[in-house]
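Trainee: Kindly generate the complete structure, drawing on both the sequences and the hints.
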Amino acid sequence: MSARASPAALFAAFFQIAISGFGGTLPFARRTLVERRGWLSPDDFTETLSLCQSLPGPNVVNMSIVVGGRACGWQGSFAAFAGLVGAPVLTVIALGALYSRFSGVDQVRHALIGLGAAASGLVLATAARMAEPLLRSRPWVAAPFIGGAFLAVAILGFPLPWVLVALAPVSIAAAAAWRRWRR
Amino acid sequence: MKSADTVAALAAQFAGLSLVAFGGANAVIPEIHRQSVEVHRWMTDQDFAALFAIAQAAPGPNFLVSTLVGWKAAGLIGALTATAAMCAPSCLVTFWVAKVWDRYREAEWRIAVGAGLAPVTVGFVFSTAYVLVRAADADWRLALVTGASAAVVFFTRLNPLWCLAAAAALGVAGAFG
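Top to bottom, those sequences are chains P and R.
Position one of the first sequence corresponds to residue 17 (the numbering used here), numbered consecutively onward.
Position one of the second sequence corresponds to residue 96 (the numbering used here), numbered consecutively onward.
Some hints here could point you the wrong way.
[To be verified] In silico negatives: residues of chain R with every beta carbon more than 12 Å from chain P: (1) Ser98; (2) Ala99; (3) Asp100; (4) Thr101; (5) Val102; (6) Ala104; (7) Arg136; (8) Gly211; (9) Ala230.
[To be verified] Computed Cβ-Cβ distance ranges for the label pairs, DEER-style: (10) Glu63(P) - Ala183(R): 39 to 45 Å; (11) Leu187(R) - Leu172(P): 31 to 37 Å; (12) Arg198(R) - Ala182(P): 41 to 47 Å.
Just so you know, these hints were derived from the structure itself, not from any lab.
Here the structure is a predicted model, which means the values were calculated and not measured.
C-beta atoms are modelled at their ideal positions from N, C-alpha and C, and glycine is treated no differently.
Mentor: Structure below.
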């Protein structure tokens with residue numbers, strides 16, 4: 017990775033990613049970091065993303081921490097993170113304030129009812145897109161855990177951290193066994 | 096209600112969720128919903144659906160729903176507390192793990208951990224969809240909107256924002272009144 021990324025440049029790059037990222041920031045992160053700024057090669061980007069995906073927290077937030085940290089240590093992480101979250105947090109608070117001010121207006125209420133229905137559809141599609149490659153590559157070790165996590169959280173209403181603690185070790189053991197068996 | 100207790104509850108809730116939010120905030124929406132609607136009663140189901148919709152429509156990462164939940168529960172201080180609590184623990188973990196990452200990049204156990212967490216995460220995201228669909232779809236017309244937007248996003252490369260805009264426009268036009 018090139019050393020040209022200063023904290024100020026990191027702030028600017030991640031600010032740009034944040035404000036373009038309507039309905040998903042990842043494509044914009046790739047465009048900015050790989051194509052525009054050239055801080056990461058395409059392979060670096062994929063590798064960094066897989067690191068960020070296997071850690072808790074939003075992928076793009078983790079990416080700001082990793083890319084910033086590699087360039088300039090914790091100052092870089094902080095600058096990239098601040099660039100990424102500052103504007104969206106202020107925007108969304110302003111929208112929330114408008115919502116509570118105008119939630120009595122019929123048109124606002126109806127627009128949000130429609131928006132909510134469409135937004136839930138987006139999440140359904142995201143889940144399906146995430147499930148597809150897993151179900152294709154290893155249906156027998158993926159499907160029971162997708163189904164089990166869904167059943168426990170959505171239908172039975174168990175707290176999510178418990179479900180994670182109960183299912184993750186079994187799922188990881190199954191994945192390890194599957195990898196050994198395939199070799 | 097908007098007391099120090101609420102702010103403390105927000106901090107504890109989101110700091111804990113931050114560390115289990117594999118795949119981002121979408122995986123922990125069912126738990127945020129359970130805590131804020133059922134346990135603490137900071138808002139109704141409809142409020143939650145509306146706040147989620149606003150967070151989706153705004154630019155930026157998907158943890159913004161935590162900002163709005165904090166704001167609804169305890170105003171500006173709640174919004175900032177929830178946001179900081181949702182981000183700080185996972186960011187510290189990421190910063191530290193990234194430093195030792197290269198050493199373990201090819202390790203068999205690390206690959207297995209990634210491969211094992213993935214299906215559980217996907218099950219959580221399906222749970223999120225379930226919670227949101229139940230909160231948002233009060234009748235068949237709204238269910239149709241949900242189905243249509245899911246299909247468009249799954250089968251095409253169209254920007255999802257068009258689905259949100261079209262659904263909001265239908266709402267303003269009175270299609271769900």
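Trainee: Looking back at the hints listed earlier, which ones does the structure fail to meet?
Mentor: Hints 8, 9, 10, 12 not satisfied by this model.
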